[in-house]
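These protein sequences, in sequence, are chains Z and A.
For the first sequence, position 16 matches number 16 in the numbering used here, and the numbering has no gaps at all.
For the second sequence, position 117 matches number 238 in the numbering used here, and the numbering has no gaps at all.
Hints are supplied without guarantee of correctness; some may be wrong.
Simulated crosslink set (BS3-like; lysine-lysine; CA at most 30 Å straight-line) [claimed, not checked]: (1) A:K197 <-> Z:K43; (2) Z:K7 <-> A:K359; (3) Z:K7 <-> A:K197; (4) Z:K7 <-> A:K237; (5) A:K324 <-> A:K359; (6) A:K324 <-> Z:K102; (7) Z:K43 <-> A:K237; (8) A:K136 <-> Z:K7; (9) Z:K101 <-> A:K324; (10) Z:K65 <-> Z:K51; (11) A:K206 <-> Z:K16; (12) A:K237 <-> Z:K51; (13) Z:K43 <-> A:K358; (14) A:K197 <-> Z:K102; (15) A:K359 <-> Z:K51; (16) A:K138 <-> Z:K43; (17) Z:K43 <-> Z:K65; (18) A:K136 <-> Z:K43; (19) A:K197 <-> A:K238; (20) A:K230 <-> A:K138.
Think of the hints as simulated: they come from the structure by calculation, not from any bench.
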Amino acid sequence: MGFAEEKPIYLQISEKIEDAILSGAFEENTQIPSTTEISVNYKINPATALKGISLLVEEGIVYKKRGLGMFVAPGAKERIEKKRRNNFYDSYVRTLVSEAKKLGLNKKDLLEQIERGFDDE
Amino acid sequence: MSRIEISHLTKTFGKTKALTDVSLEFESGHIYGLLGRNGAGKTTLLNLITGRLFPDSGEITVDGEPVLENDRALSKIYCMTEGSKYPDRMRVVDALSWSAEFYPNFGGKYARSLCKKFDLNEFQKIGGLSTGYTSIFKLIIALACGSEFVLLDEPVLGLDANHRELFYRELIENFSSSQRCFILSTHLIEEAATLIDRIIIVKNGTILLNEDAQDILESGCTVSGPADLVDRYVQGKKLIGSDKLGGLKSAYLMEPCTHVPDGLTVGTLDLQKLFIQLTNA
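Working from the sequences, and respecting the hints, build out all of it.
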């Protein structure tokens with residue numbers, strides 16, 4: 001019996017790059033690591049790294065400068081935030097509610113915990 | 122773009138059929154994972170490709186030329202195997218110079234930089250190297266040989282975790298800049314899984330699977346949960362196998378998981394699981 005990995009590797013790569021953009025590690029209009037650097041670092045086939053980067057190109061998060069490499073697009077951070085806000089319900093709320101139901105926590109209990117989460121911040 | 126073409130290859134040893142009617146292609150720009158259980162026929166296949174064995178029937182060509190007794194075709198292929206062909210008393214540094222004589226595109230400078238990275242003492246005699254360093258020595262020659270096709274049979278045998286990691290990084294870097302073809306025959310499937318982009322599974326001397334790695338793994342999935350729920354869900358689906366732990370069950374499917382009911386968890390299909398399920402029994 002194994003632990004199922006949740007996501008294909010190319011998606012994990014694009015999410016890692018997005019995380020780096022959100023955290024400010026990769027700033028707008030600056031170059032991101034090359035396909036080779038990414039694939040060497042994570043020990044993955046360059047085709048997999050390329051697939052992860054291509055996804056970000058399609059979404060307008062990074063763009064290609066011919067002969068130079070990949071750069072963070074202006075407004076990339078907002079675009080990622082918007083995308084993740086749209087996915088927030090599916091990615092977090094559904095699992096949160098289903099776990100709460102499994103444990104016999106009702107709506108009121110859950111709302112209280114959410115309030116506590118905000119207060120602790 | 123270079124290409125090895127194997128057509129209808131059969132090889133027997135006495136009464137044992139090692140390979141039966143195997144047809145395959147290897148192209149530059151790919152890292153192949155040649156996977157199979159012990160005795161499946163992987164090493165026989167590699168030895169046939171490099172002309173060290175003669176097939177009973179069938180043909181192997183490199184860029185259209187047959188490999189048998191053909192130096193020009195064979196010079197495009199380097200095969201790292203278990204044994205070492207270098208004399209025990211030869212020093213590493215001399216072995217590197219000798220390799221440059223045999224392989225016209227041998228990267229001498231690159232080989233020496235790899236010796237430094239792996240902390241391999243160039244002035245040590247080959248016979249005095251530990252198991253791990255014997256592997257490292259052979260890997261360095263394989264990486265630096267400059268051939269279009271590099272065949273690696275159990276490349277990380279005896280290497281510690283740090284050296285394996287270093288080797289995988291060097292392999293990817295070498296592949297990125299050269300786009301040569303690497304064929305990795307290994308039992309360490311989990312470690313090789315992310316490196317390869319083509320999967321070839323050999324079973325009892327035949328090719329069981331020959332696919333793009335991403336495509337095949339993405340087209341499958343794993344569902345886990347209570348056994349009765351899993352059993353109901355997988356009915357009529359392309360099931361390749363399952364594992365059970367008490368009342369908990371994981372099922373491996375060769376199709377995407379859609380409309381999964383509450384209570385079941387969906388995950389990706391990993392190469393090791395796929396391999397074990399396909400080659401069991």
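These are the hints, each one checked on the structure:
{"no.": "1", "hint": "A:K197 <-> Z:K43", "in the structure": "26 Å, holds"}
{"no.": "2", "hint": "Z:K7 <-> A:K359", "in the structure": "21 Å, holds"}
{"no.": "3", "hint": "Z:K7 <-> A:K197", "in the structure": "38 Å, violated"}
{"no.": "4", "hint": "Z:K7 <-> A:K237", "in the structure": "37 Å, violated"}
{"no.": "5", "hint": "A:K324 <-> A:K359", "in the structure": "20 Å, holds"}
{"no.": "6", "hint": "A:K324 <-> Z:K102", "in the structure": "44 Å, violated"}
{"no.": "7", "hint": "Z:K43 <-> A:K237", "in the structure": "21 Å, holds"}
{"no.": "8", "hint": "A:K136 <-> Z:K7", "in the structure": "46 Å, violated"}
{"no.": "9", "hint": "Z:K101 <-> A:K324", "in the structure": "47 Å, violated"}
{"no.": "10", "hint": "Z:K65 <-> Z:K51", "in the structure": "17 Å, holds"}
{"no.": "11", "hint": "A:K206 <-> Z:K16", "in the structure": "45 Å, violated"}
{"no.": "12", "hint": "A:K237 <-> Z:K51", "in the structure": "33 Å, violated"}
{"no.": "13", "hint": "Z:K43 <-> A:K358", "in the structure": "34 Å, violated"}
{"no.": "14", "hint": "A:K197 <-> Z:K102", "in the structure": "61 Å, violated"}
{"no.": "15", "hint": "A:K359 <-> Z:K51", "in the structure": "27 Å, holds"}
{"no.": "16", "hint": "A:K138 <-> Z:K43", "in the structure": "37 Å, violated"}
{"no.": "17", "hint": "Z:K43 <-> Z:K65", "in the structure": "25 Å, holds"}
{"no.": "18", "hint": "A:K136 <-> Z:K43", "in the structure": "42 Å, violated"}
{"no.": "19", "hint": "A:K197 <-> A:K238", "in the structure": "26 Å, holds"}
{"no.": "20", "hint": "A:K230 <-> A:K138", "in the structure": "44 Å, violated"}
When held up to the earlier numbered hints, the structure conflicts with 3, 4, 6, 8, 9, 11, 12, 13, 14, 16, 18, 20 and fits the remainder.
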